[in-house]
Structure formats: C-alpha cells, structure tokens
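Chains as they are written, first to last, in our numbering: chain X, 27 to 238; chain V, 391 to 660; chain P, 5 to 123; chain S, 2 to 485.
No wet-lab data here; the hints were simulated from the structure.
Careful: at least some of the hints might be erroneous.
Here are some chain P residues the structure puts well away from chain V; computed CB gaps all over 12 Å [stated by the list, open to error]: (1) Glu-6; (2) Arg-28; (3) Asp-72; (4) Glu-117; (5) Gly-119; (6) Trp-120; (7) Pro-121.
Quick list of in silico lysine to aspartate or glutamate cross-link-like pairs, DMTMM-like style, CA-CA up to 20 Å [claimed, not checked]: (8) Lys-269(S) x Glu-321(S); (9) Lys-269(S) x Asp-115(P); (10) Lys-98(X) x Asp-88(S).
Because the structure is a prediction, the values reported are computed rather than measured.
Each residue gets a CB set at the ideal place from its N, CA and C atoms; glycine is no exception.
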Amino acid sequence: MRVLTALSLLALAGLLALGVSGVFPRPELPSADEVAAEWGAENVVAAIILGVRLWDTLFEILVYAMTIVGVKLGLRLLRWERPLPPVAETPLLRRSADLLLGPVVVFALYVAVSGHLGPGGGFPAGAILGTALLLLALAKGVERLSAEIHEPALEWAEYGAIVAILALAGGLLLLGRRGSGYLVAANVLIALEVAIGAWVVLHRFASSRGEV
Amino acid sequence: MAVILLSALTLALAVFALTQRRLLWGVIGVGAHSLALAGVYLFLAAPDVALTQAAVGFGLVTFIYLLALRRTGKLTVVAAETPPLLHQDGEHVAGLEWEILSRLGRQLHRDVEVLWVTRAEIPRLLRAGEADVGAGGYLPRTDDGVVLSRPLIPTRIVAVRCGPGPCGAVAGDRCQDCLPASSVTYEDHRELASALRSGEIGEAVADLLHVRQWVLSGEVQPSETKDGGEAAFRFAVAPGEEDVRQALDALLAELERSGELARLIARYIG
Amino acid sequence: MEGLAAVALAIALVGVGFWTLIVRRNLIWKLLGLNVGASGAILFLVALAHRPGARPPIVGLGPGPSADPLPHALVLTAIVIDFATLALALVYVIFLTEHRHTQDVERLERDEERGWPQP
Amino acid sequence: MAAALSGVLLYLGLGLLGFVGAPRAFSLVALLGGATTFALWAPGFPEVLVGGLPWGIAVAGDTWTVGLWALGLVLHATLLVHAWAKDSAFHPLTTVLIGTCLAGALSRDLFNLYVLMDLSSLIALVLIASGRRVRAVWAGLQYLVLTEVGLTLYLFGLGLVYGRLGTLSVSALAERGPNLSDPALAVGVGLLLAGTAVKTGVFLLGLWLPQAHGQAPTEVSVLLSGIVVKIGVVTLARLAEAFPVGTVLLFLGVLTGFGGLLYALWEKDLKVFLGFHTVSQLGYMLIGLGLGAGTGALLYAVAHGLFKGLLFLAAGEAVERTGQRQIAFLTGRLSLPLAVGLGVGACAIAGLPPLAGFAAKGVLALGAPGWAKGAFFALGLGTAASFSKLVPLLRPRERGPAGGLPVLAAAVVALGVAGTVLAGDLLAPRAWGEAILVVGLGYGLYHGLSRVRPGLPRWGFDWSVVSLLGASVGVAGLVAFGGL
C-alpha cells in the first residue's frame, strides 16, 4: 500500500507541477479598487466577501452553523462513565481572566467593525472572541460558568443572527442596496454568530458529558 | 526571500509534526505549522487570509484538537517484557498488569498502546513526556524522577550465588542499587540469567518473581541465596500526568478492596 | 519566485498530509494529515493569486498592482470549511472512542467485519 | 431570478428557525414557499450575475434547475408525510439540506458549487450520524474524510483553472473556448472532475457511498440517494458544459456503471445493495452527459431520485421494523405497502414500462451510438439480474401503514407515463418488448449467477483513500495526456 500511495502522491505532485508550469501568462485582473469603492469598502476582500460574492458567504455561514448543530447532536450522545477532573482554579488566574475580558472584547469588536477598511472581518473577529472567551472561562472553571449561561438565549441569539444575515443578504442582493453601513452591520452579525458558535463548540468539547 | 525561508520553516514544522510519535506533539507541531503558514500568507500580500488563518486555522483548530485529545488521547505504556506480568502473546499483549492497564484505559477513554523498551529507558521516556505509564514489573530506583503508583504486588529482592565471580543485575532496576560499584549490568533478565548460567558472573540480584522462575525452570541452581529486603512492583507515571496517577491509584485501591487483585495474582502468579 | 516557492510548499504539504492520512492508523493522526493536506490546497490558491511585487488588495496601500483579491476571498471560505469538517470529524472520533474504545482504523475495520461485537 | 433566490433564502431561513422551535411548521411553510417561488420563476430564467461584475456568482434557471427543484420539492413533501413524527432536529436539517440542493441546482459558478457540495456533505453527515449507531457513524466518518480529500483536489483544480482563465463562471469559461492541450487547464479540469466524482460517489473514487447510504437512517438514505448525489451530478453537468470532457465522462460512466453493478450482484445487505446500485446508476447519467445527451441524463437523474427514494424508503422501513438487514432474512416479513413500494421501485429501476426508469432509459438511448446502447443493455441486464434477488421479498405478510410511499410511487408512475408519452418513440410495442425482454433475460441470468461466488476485494478506509488518489491522478492524467 505504501508503494502505491507514494506513487500516486508523486504523480499528483508531478501533475500539479505540470499544471503550474502552464499557468503563465496570467489573465488581466479587473480593476479591483473600483469594485471596492462601489461597495463602500477599502478592503477589496471585504467587498468581495460581503458584497460581490455574498451568496457564497451565506453558505459559508451555514457550514459553520450546521457544524454547531452537528457538534451539539454528536456530543450529546456520549455516556461518560466518570466525571471529568475539574480544571485547576486559582484566584490569580481568575483575577487575570476578569481583567483580560474587556480588552479582548474591544479588540474583537475592532477587528469586526474595521473589517471593510483593513484586514479583519467577522470571521476572524468571531473566532478570536469565541476562543478567548472560552480560555477565560476555563480559567474561571467551566462548570460554574455553564450553570450561569442561559442556553436557549444563546440559541436564539445564534439562529437570530444567521436569519438576520440572510435577511440582510436578501436586501443587498435582491434590492441592490450598497454602502459601508451594510458592510459593518454584516461584519458585526457574522462576528456575533461565529463567536457564539465557537463558544458553543469549544464549550461542548470541554465539558460535555452527555445527557443520555 | 522571507517567503522562501518561511516556506522552508512551514514545511519543516509540518514534517516534524507528522513524524512525531506522541499525538500531543503532533498537535502542537501542526499548530506551529499553521501559524507559520499565516506568516507565509502575510508575505504573499494576503493579510486577510493571514488573519483568518491565525484566528481559525491556528486558534480554533489547535484548541479543538487539544480539547479532543484531553479525552481521547492514547495512553502510551513503556514497559520491559516481563511474563507473567506484561508480555506479548502473539498479536496481543497479555499479563496481570495488562488487565489493570486495559481497565485504566477504558476508564480514561483512552486506547492503551504498549511499547517495549529496556528497563533503563523507562524513566527517561516518562520524564521526556514520550509515554504516560511505565510498567513491566517496575521496581523504582530512588533517583528515577517519576511519579509512582500505589504498590501493586509486594515482592522481595534476592541475591543468588551460583559460583565464584562478580555480581550482576539488570540496569535501571532497583536491584542495581544493592550492588557493589564494580558490578556488571545487563539489559534484561534473560541476559542476566544466561550470564549467570554461563558463569560470566557468579551472583545475581533480582526480584523474587524472576528468581522463582529461574529456579522453577531449572535454568539456575543457586548454591546460596541472600535476602536483600522488601520491595514492591509499582507503575511509574510520567510527571505531570496527575489525573492518570489518581485514576490508577483509585483503580488499584478498588481492585484491592474488592479482592479482584488477589484473584488476579492467584491466576497469573499462583 | 516567491509565488513559486509557495506553490512548491503547497504541493509538498499535500504530499506530506495525505501520506500521513493513509499511512497512520490512528484516526486523530489521520485528521491531522488531512488538515495539513487541506492547508496545502489553500496555500496553492493564495500562491497563484500572488504576482511579483504585488501589494495587498486594500485601496491606498501603496502604488503598483495588487494581488488578485478573489482567491483571497475564496480561501477565507475554505479555511472555515476546513475547520467545520475537522470539528465534526473529531466529534465522531470521540463518539467511536466512547463506544468502541479505540481510534485504530484496523481495529475498527476488524470489528466491522465481525459485526461490531460488544467491546 | 429574484424568485429563485428568495426561494432558497426562504428555505434556509425557515430551516434555521426550525432549530429554535416548531420544526414541522417551519418545514411545511418552507415547502409551500419553495413551491410558490418555483411556480413564479419556472420554466426558467437567463443567467444573472448575483452581486454584479466582475466576480459575481452566476445563477440561471435551466432544465437541470427545473428538474432538480421538482425532485427536491417532491422528496421534501414525501419526507414530511412520512416522517412527520421524527425528532426535532430532523426537520430543520432536512429543510436546510433541501435548500442547499436547490441552490446547487441554480448555481453556475465553480466555487459556489464547491461550497454547496461541502455544505451538503456536512449536513448529510450530521443526518447520517443522527441515527446514533456505531456503524452509521463509522460509515459517515469515512464519507466525510474521503469527500474532504476529493474536495481538496477540487480546490487545486479550481486554482489552476482560475489562474489560467481568470473566471469561475461556467458560461464565461465555455465562452473563452478552453483548450485542453494547455497543461494548466488539462490538469485543472482533470482535478475538478476527479474531486466532483469523489463527492458524487463514482466507483473507485467515492467508495464511501454504499456504506454511508446503506447505514444511514431510512429517511436520510432517501435524501442521500435522492438528491444529495445529484448535486455532484449537476456539477459534472456544468463541467461538461464548460469544458470538452465528454470522453472522460464516458470512461467514468462505464467504470462506475459496471463497478457498482459487480458489487451489487453479490451484496446481501439490502440497504448496502441499494447503495451499490446508486453507484451503478450513476453510470447512466455520466454516459448520458458524456454523449452530450443532457436531457436524457437529467431525466435519468430525476427518475433515479424518485425510484431510488422509493426503494430506500420501503427497504429502510422493512429493515427498521424487522431488525434484519440481510435480504434472505427479510423474505415474507414485509407488510403490504412495503412490498408494493419495493416492487414498484424494483420494476422502475429495472426499466419495466411504463414506469420512470423505462422512460429515462428510453430517452437516454434515443440518440446514442451503438456501443453506448450495448453498454445500456448490459447495465440493464445486470440491474434486472441483481434486483431478481428481491422477488421473494415481494410476498406481503399483512397490512401496515404506508407513510410517504404512495407519494413517491405516484411520482414514479407519473414521470414514467409522461416521459413515455412525450418521447413519442417509446410508445411503440418494440420498445416495450425490448424492455420486458431485458428484464426476463436478467431474471434468467440471476439464476445462472447465483451459483458463482467470486471473492470481490473489500475496500477498507486506507485502501479507499489510496484508490481515490490513484483514480484521481488517473483521471487528471487522462485529461492531460489522453489527447482528448
């Protein structure tokens, strides 16, 4: 099997190299800056993601949302024979977690809101927020935190955010509205949805022990 | 230039990660690879991709791997082959310690994987984080630097003399501590026994379990035996694997209380 | 030159990743290999979008031509998709570990042939 | 255009709302909304760039779109009738999945199709694993990994094609007159084809299909074979539109047709058997695409969605109610509606007139060259022979609930009658006689074959990946060096 694998991988690499060697000369690029201006952005990538190819981005968001559903359904099935050992908790860790919370949220918000001007956008912002929140939560002890969180509210916020994005997309694509305000709104909604999703997924991975 | 250097680094990290033996190192390596990849994107004039790669490809992915590993990782056992405690039986591992280790694996939701090594290597591998548990009739030396479980089976250290000559033991064993400084060490008990039989050494220090096997099989006919004091077989646990040690101790205590341990000893050792 | 180095890296990553995916027996190792292989495809797109001396596709970031912004946008989607795939796959690996006490593909296949006896 | 897009948005949004509450109601409203928007845009609309120039996503309503929308809506209606009482996650997931498939039928953009193929596999995987059975999860995991490898290859191909031609839209690619003697395009197109073939489940490339379809819960199998596979088929149809790859598709079609059939002939597990037949039936669609007979391939895709849905529904119910998966143990244990459903489905797939399979096979063969007719004949013979295994199952034991079976059975009959009447030539006694002759010969062949027991190789996980890579390299090499 190893021989066959090596042969096919080598052949694949050879084919790809052959393909790359033939990729020149490259076609002319359309003028990107005008597209960005038309959508009210300075970052052309943001104009593409939230404007020209918003239709793709919708499905990307759905990929993410369906993964969350899958993780929820999948990790609920587990039967833990033994509870997990609690995460070590020290007062110092808890204090610094409280202190870090503010800056992290502000930074993530900045990444989201400025996404149409420079590098950034809803997805990285949401990922940063979700990951950082869970790290802080682990420092504080997941058990206590999950008791404090109102799961249905989180679910409402998550699906509400996606439906709002869908509605916004409908408005942008079907009615032809454009402008930086829409881009900021879309980025913030995406960041919200991604952050909640990251939080839910990681939280499940960290603490699920199955209700079956 | 920066791209070329970073590319080489990225590839090296990927190769490093994927050739590791321990999953944890693999995950950490792939995480580092993702981060280096984000650097490559930055130099390829793709700052958006770099940021997303760092936040999602590096942050979320590594985090989720680590969380998944926490409950599904392999329990790597390094051991010297010691029938009837732990030995390879055809395709499978068998023995008294195997019964306990496989129970431990089930409890921790981790696959147990046994790697056969020499006795002297066990503490080094555990300290380096290459393995979680050391086993195979482990008699700890005082300066091992590993964490020990509760005693599993009590035994004694015995010196057997067959003729004139120096004294030998297995390297890395507690028995090594009982020897005079000029003595000879061997890699495993089989070598020790054959050296004793061939007259290469005149005396051997070993645990009672091995000595009994030698005597029962007629391999060694001692002319004189000396008692070297009490000892106990234990499991060694890598420092830092506190939950493994706790689970192991709890399991051993439970087996002892229910009498299961005594039954196992009767079945395997008699 | 820079683009070509990145393309070479992308092809190498796919090789290394898929090799691991096939040769390793543990499911999590396989997923790590898949991860590296998929990151190769993403790098490939970004590398092909790069042109010599290109600036990032952000208005006002210096003179000269910008890199092709479209592949960058596509790749953002692909990165998220890779993460989603990985998360789901890990959930099911955990599920199998729970129910079969193993992540070893050969053992799972042997169990499959024997009709999944109780572990 | 606006109607079609809002139909998709409606499906997705209502499906998501279903996760929060009232799943059945939202699913039903989505179906009604989808049907309404369908009526608004049918019979089609010209291509539009959603998002505008220069990089917008091309969508259009052509015959494929119409056919797959109709198929998706019928399957959705069937599942609503059949699985009204299913648990809360099933209906929203189904709704979103169908919405994804509707979007896939609309899309004429290679990257959009990539995202949709990936999304549909992920949702399908969640649905497969929702059965909470170890074997389903194991099959689903292999499905996920293999699909992901295939889609990675697809991305490579996409990079090459985009890098060379600078566009992703199918029509724009076709306009630029792609020339496959250009190595970048040849390799790129080869990898695009291979990646899509993996996702579609073509033999040797997508070896995940039979187990994943066979081990999934009943309703999920219906969706998988009914419509999820068709996203791959429609992507292949788009690729065939953009690039001159007919010969490769013919090659893949013959490969998957006979490869799947070979395994189906000796498979004993009822649902896995049906899964192998999905692999085999793909052969008809790919050969149709390769010959340039788009209508025939589309008709076959829709007909296959309906009759395979019917077969999986009946077989799945039988398996779930009796707890037996082996065909031999199911003899005489089916209730009346299940036996009738299985019978109608088997007759349709074998090509008995005037059912859907007969019409689709007839239309496909209308303009086909001689060798293709021979291949269709051999495939039909093998299909009839392998489905002869199910004849003992058709004797019902008692009455029972029919669920969604009548909806699909009626659709199979209606499509068959309509296709037969509209195609004209198929009303001739000769066509009917030939079809019945093939089935009769196949039944005879079955009795001959039942004595042979060949040792077909089993494909483990690793071997499936190796075969995927090897076959993909083969396909790409064929495009690059085959001088096609």
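Against the structure, the hints:
Distance check on Glu-6(P): its Cβ comes as close as 4 Å (rounded) to a Cβ of chain V, failing to clear the 12 Å threshold; non-interface status is violated. Taking the minimum C-beta to C-beta distance to chain V, about 8 Å, the non-interface status of Arg-28(P) is violated against the 12 Å cut. At the 12 Å boundary, the C-beta of Asp-72(P) falls inside the reach of chain V, the nearest C-beta of that chain being 10 Å off. Residue-level check passed: Glu-117(P) sits 16 Å from the nearest beta carbon of chain V, beyond 12 Å.
Annotated as non-interface, Gly-119(P) keeps its C-beta farther than 12 Å from every C-beta of chain V; the closest such distance is 20 Å. At roughly 17 Å from the closest C-beta of chain V, the C-beta of Trp-120(P) stays outside 12 Å, upholding its exclusion from the interface. The claim that Pro-121(P) is not at the interface with chain V holds, since no C-beta of that chain comes within 12 Å of its own (minimum 16 Å). At most 20 Å may separate the alpha-carbon atoms for a hinted pair to count; Lys-269(S) and Glu-321(S) meet this at roughly 16 Å.
Restraint check: the Cα-Cα separation between Lys-269(S) and Asp-115(P) comes to about 19 Å, which is no more than 20 Å; the hinted pair holds. Note on Lys-98(X) and Asp-88(S): the hinted pairing holds, with a Cα-Cα distance of about 15 Å set against a maximum of 20 Å.
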